[in-house]
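Dock chain B against chain A, hints included.
There are 2 protein chains.
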Amino acid sequence: MNKTDKKIEDILQLPESECIYALNELIEEYNFDCPEAIKELKEILKTYNYGNIGLAQINPILGNIQYNAQKIVKRIKYAENLGLDMVVFPELTLTGYPIDDIIDRHPVVVEENIKWIKEIAKITGKTRALVGFIEKVKSNTGRRYYNAAAVLGEGKIESIVRKTLLPNYSEFYDARYFEPSPIVGAQPPETLCNFQKPVDYPKLNIINGKKYGITICEDCWNNNEFFIPNLYHSDPVKTLADEFPDVIINCSASPTRTKKEQLKHNMLSYISRMHKTPFVYVNQVGAIDNNSFDGSSRVYNARGELLARAKSFEEQFLIVNPIKGLGKIYPLANGLEKTLQEPKIFTLDYEPDLERTYKTIIQGIRDYFAKTGFKRAVLGLSGGLDSSVSAVLVADALSPQNVFGVSMPSKITSNESKNDAQTLAANLGIHFAVAPIKAMYETVNNSLQELFTTIETKWDVRYKHSFTPDNIQARSRAMLLWGISNEFGQCLPIATSDKSELYMGYATVNGDMSGGFAPIADVTKTKLFALARWLNKNRETKNVIPESIILKRPGAELAIDPKTGKPLIAEDALMPYEFMDEVIWRIENKHESYKEMFETEFLYEREHNISLEQKTEWLDKFYRRMSTALYKWSILPPSVIVDARSINKNDYRQPITSSKINYKGQTTDEIEKIITEWM
Amino acid sequence: MNKTDKKIEDILQLPESECIYALNELIEEYNFDCPEAIKELKEILKTYNYGNIGLAQINPILGNIQYNAQKIVKRIKYAENLGLDMVVFPELTLTGYPIDDIIDRHPVVVEENIKWIKEIAKITGKTRALVGFIEKVKSNTGRRYYNAAAVLGEGKIESIVRKTLLPNYSEFYDARYFEPSPIVGAQPPETLCNFQKPVDYPKLNIINGKKYGITICEDCWNNNEFFIPNLYHSDPVKTLADEFPDVIINCSASPTRTKKEQLKHNMLSYISRMHKTPFVYVNQVGAIDNNSFDGSSRVYNARGELLARAKSFEEQFLIVNPIKGLGKIYPLANGLEKTLQEPKIFTLDYEPDLERTYKTIIQGIRDYFAKTGFKRAVLGLSGGLDSSVSAVLVADALSPQNVFGVSMPSKITSNESKNDAQTLAANLGIHFAVAPIKAMYETVNNSLQELFTTIETKWDVRYKHSFTPDNIQARSRAMLLWGISNEFGQCLPIATSDKSELYMGYATVNGDMSGGFAPIADVTKTKLFALARWLNKNRETKNVIPESIILKRPGAELAIDPKTGKPLIAEDALMPYEFMDEVIWRIENKHESYKEMFETEFLYEREHNISLEQKTEWLDKFYRRMSTALYKWSILPPSVIVDARSINKNDYRQPITSSKINYKGQTTDEIEKIITEWM
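From first to last, the protein sequence lines stand for chains A and B.
First residue of the first sequence? That's 1 in the working numbering, and the numbers climb one at a time after it.
First residue of the second sequence? That's 1 in the working numbering, and the numbers climb one at a time after it.
Simulated from the structure, these hints should not be mistaken for lab results.
Just to be clear, a hint being listed does not mean it is correct.
Which copy is meant is left open, because identical chains are indistinguishable; a pair holds if it fits in one copy or across any two.
[Said to hold, decoys possible] In silico lysine-lysine, DSS-like type, Cα no more than 25 Å apart, as pairs:
id, residue 1, residue 2
1, K673, K122
2, K464, K375
3, K590, K138
4, K566, K621
5, K264, K311
6, K238, K197
7, K411, K438
8, K375, K660
9, K46, K77
10, K418, K458
11, K136, K595
12, K115, K590
13, K595, K118
14, K344, K136
15, K138, K664
16, K344, K138
17, K344, K260
18, K359, K537
19, K344, K590
20, K136, K203
Just chain A, with the same shape it has in the complex (with noise of 0.2 Å):
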């Protein structure tokens, strides 16, 4: 008896449900090679005879069709082997979602997955596959292309079914290209790259004599109870509910974001309770660029009970039976659950996030990494909190032996946060270098001091105060990092900059904010010290980040400060972190005015005593700085979309020249006495 058989020996002996996701789980161990307990799998189920489903939550490369088609038969296999009645993959599984501008530009991929799709459908047989493709239509009227889904079943297509709300907001761009389907429900598969009209047809698909509403994400967000007001003028959930399906199905590309768990989970129960029907949503899982898929595919019961749940940030196949109430509850992040009645109030309490926070980003860095062909990375240990927590990151996504922290001191870094660099990085088990920048730093400054002489003979407006110093240095830094780049195989730098900092413009371009991926840019500061300590007290090596990195207020140590004479400390130079991230937050998440914030309270106000001018020269600093900050969000790099909003060019979209915005506004009264000034 070897090992497998041991394996599956002790599994049989657990209670039923146990036993069908212990023998699962083995079996993706084994990559779906594992042909004794898929035997035993299907024994089990064969108990329940019609309403199984397998949820396969899947981590496509973007555009990678043959990869993708990969995992895709694999599952369909699989879920043929184990007799269920249906497989359900993410929706544009065959492409990956977001397909963006790809789609128009090179519509070779386009036919390309109609081509895959028509072969899959072949190896199909009694298990119906829902897999999730890109359509092309010959029409004279509207886009070229459906957001679509086949359900593939006895070695054809046997329907088809389009995408009719297309989300076009923060990071979604579904309305570019794709025309929504003027019908909700099923279509003939001799519709397929054909659909103008839409011709009468059951809207529900009959898969062993059950009943099953398909939608494609967005279709299920728009319940007008749930959400008040509603952005689409019809509900296609509501559609095919009237039909009386026996369960609706959701193949969904949703990536996370905070408080999007919450949401989700509220909206989905609460459909399924309205209509009294199981509702089964498969999500994507990895990160395609700036968007972290948490995948957490999951189903709902007539009653709004969640029945079951996959796991969330990792490939998973999930079998369910939402008729009969078979299904088990992975655990989601950690802290998730218990919010999911919070109110929406800025707080400093980030404990319930930073789990979600911390996978998001991991899984964004692995994914990016992996997706484009890189492995390892390189980065600049300052001693301070941004390199710091980004180091730690980096190391858990790529593993410790794949990075290098590179100390690069200049005469400004005290010894401690040489100390601190180095310590981090024996914690972490990464590589560690030491490369001082003096000599770059002189000679570059040597360089430019003779080329501002040149210049001041011909340009009367040099800056008494100037950043040239501080930039100087930031730079010589990521010309190292870059240099490393290019002279190892597969190695990128790593850009440090956090989201606070990137509001007020607080990063040096081609220095800091320079890097082949930003892990930490959208994550603010106060926040980044809760997910330090977090860190340190949750991963398996406890503490790796030093107490004294955490301790010290932040500062770029690129300057002394005339006050002090002392490294300038962010704080002093811009404003308290905290004041600044509430105004963060009200902006992404309230879209208030300057007035508004200046008229109500903010949490730093409650515990400190300011006085209105400084309230004011707070405000106006920020609505300063953050105008001319959008230069450096346009060149930001690659980086992954954590909070509810983000800077992330791919999300937030302001032209550079509107910079001259009056974000105060102003009186009926002062604008009729302007114009009459006019006039």
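Chain B in isolation, oriented as in the chain A frame:
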């Protein structure tokens, strides 16, 4: 009799129509403050007792409502003084277009623009003013904003028109926040910010007894005879034409691109002829980041003939009477009219597009600097084509005394290159400095070599031949340029990468592709050669670019070619530019696939005998390099779009992790075989 009176007297001797335009030009010269001329002009215009319209093409600053409002008020006053029936402004005049995500994140901007539209209405009299603005709506369904235009007159808002067709491709993102108007034509003023259900109301606006049908931008781009297929399901112009208006009006903000003038002219001419109705088209002018709007507002008569056209790339107030046939046709950029009926094929005859290209870029640079508060530019002068053409463009946009050219020779730089750079600067009249990078190169290289020794003890993946030395040179130069920018007021460094090289990723991160603005990022190399010759021939000062720069084969002078012992020539490392630029053109204009390119003859093939192996090698290299250039495109500095398609990240969106796309495609048989192997 003062100078103005003398000018007016001279003008009054001209034939009536000439007289109108000469007076109007004089008044614009005086910034609308020339009562004597206004009085005379008003007198002449009285003979047209209805139908006089002012086309007010203005250059707004995005989001700077007060700045824009001042321009609007001034022109409303002028139109009123002249007794015109109407003055028409471009789309979203109050805020500027495109407003992008500002609309969502900072709703205060929308609130402000509504206060302003109400106040501006109060100063109107008999003359109607058509002013574009953003309307916020309280509604339980749909997006919360309309792209609207208000007809102002007699001190109030008379009616409101809302955009129905929302462009959402390339540089357009209208559908992200705007709701398409469910109704075409006018709605009553009570619907302001309260447009939930359309009211039964006359679609046309009656002004001084004549009927006007008003549309906004994309609303006129869906004629289903001119365009096959059609992008949208309705044609607002047709809906209005069915009501028999005397004139159809369109408020636009439509950026210039290669071949767009031809399309626009043919389409507008077609529409006016088809509906037998004069068509008035008013376009925004000026650049907003990457979008350069060309103005060229115009009128077609009921036979589809061009009756009037305003200047290109300049603000203008053009007086027309579409009903009575009053108009003046100002010249387009040279060359465009020649090509109105030209087929869409790849050609090296760039001549007809060069003046437009020049003006598009000049305006792009000038407005980016002016609108962000910069005045000066610094750029490296290598003696090569890219930096030379960039220098001319920047000097022309900002004036020579605001430009510093810096020659930064390394040991590879030839004396010829140094001399060429100096000659160019002298010819152009820009400031010039020399800053050898030898010392920087050596210091950086020393620091790096030391680091590399440490790193290779841990990482066994050091390249035998790396690009590190090349990149150190490019980055040292950028370090100096950014240093100057940090040290001197309102000064930005210029990135000199061209489009062909960016496609190939043949540009250094934090090196030549880094800068505050990239003027030639959308100009391919073969076009750049043509542009250099055009500049030498057509600028007031002839031959500023030394012939030796144009004759030299391009190369970065960063490395020595071991085969020749001379600096590496880019075409030897890549492929002939003529071939490369045709690949780019076919992808961007024909959406061709690898296979289609392989199977059809290139212009280059007609003139050179190349083997299929050679063609395969070049195509393979092109696709491989293009895939890995995506990261560089994502951090490309702001740059002006020139061509029909571009890599500008606001225009073309492709996730970097999609670099594994199989652009070559597979046959059905191959796919079947692959799947069989998986089974």
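Each hint tested on the structure:
Taking identical chains as interchangeable, the C-alpha atoms of K673 and K122 lie at most 25 Å apart only when they sit on different chains, with a minimum of 12 Å there against 74 Å within one chain. Within a single copy, K464 and K375 get their C-alpha atoms only as close as 45 Å, which misses the 25 Å cut-off; across copies the closest is 18 Å, which meets it. In this homomeric assembly, K590 and K138 come within 25 Å of each other (Cα to Cα) only across copies, at 17 Å, whereas the closest approach inside a single copy is 43 Å. Within a single copy, K566 and K621 get their C-alpha atoms as close as 23 Å, which meets the 25 Å cut-off; across copies the closest is 53 Å, which misses it.
With identical chains, the CA atoms of K264 and K311 are at most 25 Å apart within one copy only, with a shortest distance of 16 Å there and 53 Å across copies. For a Cα distance limit of 25 Å, the shortest separation of K238 from K197 qualifies both inside one copy, at 22 Å, and across copies, at 23 Å. Taking the closest pair of Cα atoms, K411 and K438 come within 25 Å of each other both inside a single copy (7 Å) and across two copies (24 Å). Proximity of K375 and K660 under a CA criterion of 25 Å is satisfied inter-copy only: 16 Å between copies versus 42 Å inside one chain copy.
Taking CA atoms no more than 25 Å apart as the test, K46 paired with K77 passes inside one copy only; the shortest distance there is 17 Å, against 83 Å between copies. Proximity of K418 to K458 under the C-alpha cut-off of 25 Å is restricted to the inter-copy arrangement: shortest distance 21 Å between copies versus 42 Å within a copy. For the identical chains of this complex, K136 and K595 are inter-copy neighbours only, at 19 Å across copies versus 49 Å inside a copy, given an alpha-carbon limit of 25 Å. Taking the closest pair of Cα atoms, K115 and K590 come within 25 Å of each other only across two copies (22 Å); inside a single copy the shortest separation is 46 Å, beyond that limit.
In this assembly of identical chains, K595 and K118 lie within 25 Å of each other by CA distance solely across copies; the values are 21 Å between and 58 Å within a copy. Taking the shortest alpha-carbon separations for K344 and K136, only the inter-copy value of 24 Å comes in at or below 25 Å, while the best intra-copy value is 41 Å. Taking the shortest Cα distances, K138 and K664 sit within 25 Å of each other only across copies (23 Å), while inside one copy they are farther apart (50 Å). Proximity of K344 to K138 under the C-alpha cut-off of 25 Å is restricted to the inter-copy arrangement: shortest distance 22 Å between copies versus 46 Å within a copy.
For the homomeric pair K344 and K260, the shortest alpha-carbon distance inside one copy (12 Å) is at most 25 Å, but the shortest distance between copies (47 Å) is not. When the C-alpha separation of K359 and K537 is checked against a cutoff of 25 Å, the pair qualifies only within one copy, where the shortest distance is 15 Å, while the shortest distance between copies is 60 Å. Taking the shortest Cα distances, K344 and K590 sit within 25 Å of each other inside one copy (9 Å), while across copies they are farther apart (49 Å). Proximity of K136 and K203 under a CA criterion of 25 Å is satisfied intra-copy only: 21 Å inside one chain copy versus 37 Å between copies.
Hint compliance for this structure: every hint is met.
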